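Trainee: Add chain X to chain B, keeping to what the hints say.
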Amino acid sequence: MRGIQIQLPSEFAVLEPLQIFIEGLGAAAGVEEDELSSLSVSVIELVKNGMEHGNGSDPGKMVTISVDSFDSRIRFFIDDEGTWAPENAPGFRPGEGEELLSTRGRGVLIARNLARWVEYGLTPEGKTRVTLIWPLN
Amino acid sequence: MKDGVLIISLSGKVIGGPDLMNVKTAFQNAVNQDIDSVLLDLGKVSWMDSSGLGIIVSGHTTLSRAGGALKILNATKKINELLIITKLSTIFETFSDETEALASFGE
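Those sequence lines, one after another, are chains B and X.
The first sequence begins at 291 in my numbering and counts up by one.
The second sequence begins at 1381 in my numbering and counts up by one.
The set of hints was computed from the structure by calculation and includes no laboratory data.
Some hints here could point you the wrong way.
Stated by the list, open to error - If the Cβ cut is set under 7 Å, some of the chain B residues that face chain X in the computed set are:
| # | residue |
| --- | --- |
| 1 | Arg292 |
| 2 | Ser327 |
| 3 | Ile334 |
Said to hold, decoys possible - Computed beta-carbon distance windows for the label pairs:
| # | chain 1 | residue 1 | chain 2 | residue 2 | range |
| --- | --- | --- | --- | --- | --- |
| 4 | B | Ser362 | X | Gly1397 | 33 to 43 Å |
| 5 | B | Ala318 | X | Gly1384 | 42 to 52 Å |
| 6 | B | Asp358 | X | Gly1397 | 37 to 47 Å |
This structure is a prediction, so every number in the text was calculated from the model and none was measured.
We put the beta carbon where it would ideally sit given N, CA and C, even for glycine.
Okay, chain B solo, but in the shape it has when bound:
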């Protein structure tokens, strides 16, 4: 499975269809059934960050997901149209004290723990790109 790319407007309505799509794609690539929802949670957390922090929740701005499956792993590129600083986003680190009770954030923390390999970088155009690698057993 190579070169799959989808573009989504930055609006919540696309998330449920995306969840179904990601789990179907994961199943086709060999992700175990019990792990499919963890995969979709990880991807959707990162997509929502791109929509909100990168694209300012502007439905006219897109999040692009590119997927390639290899023998032992699936790679997702999740690109938004912004230049935000993910290290400043809530949830990049585990919360402590009062921060633990924030009603927002936690997305990157969850994705990092479920997928274990999540890195931020830039697209060739200098926009924010997050790479998620999901291991296949």
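Mentor: Frame of chain B, contents of chain X only:
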């Protein structure tokens, strides 16, 4: 209501968006009616991400400020995993037995 505890049950996918505001409103409505003990039943939630956690935290804050408590019933394996990752497991009491959960509010 059971034993003075309001039980709120969520079901299906908790994925974010405007629907979650209804849950937030339900917590506030409970406090407005002098109900400060809420048991949130997550047994029928098939999918949840950080948006759901945010709503649970919001309920906790609303009820704590009123001198009450929000406790969780029937968290699935996946939801428990999220609670542990985010350390919210250190904040919330979780139960798998409703009778035990209801009794805990009186302790």
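Trainee: Compare the structure with each hint and give your call.
Mentor: Against the structure, the hints come out as follows:
no.	hint	result
1	Arg292	28 Å, violated
2	Ser327	6 Å, holds
3	Ile334	6 Å, holds
4	B:Ser362 / X:Gly1397: 33 to 43 Å	35 Å, holds
5	B:Ala318 / X:Gly1384: 42 to 52 Å	50 Å, holds
6	B:Asp358 / X:Gly1397: 37 to 47 Å	29 Å, violated
Violation of the numbered hints given earlier is confined to hints 1, 6; the remaining hints are satisfied by the structure.
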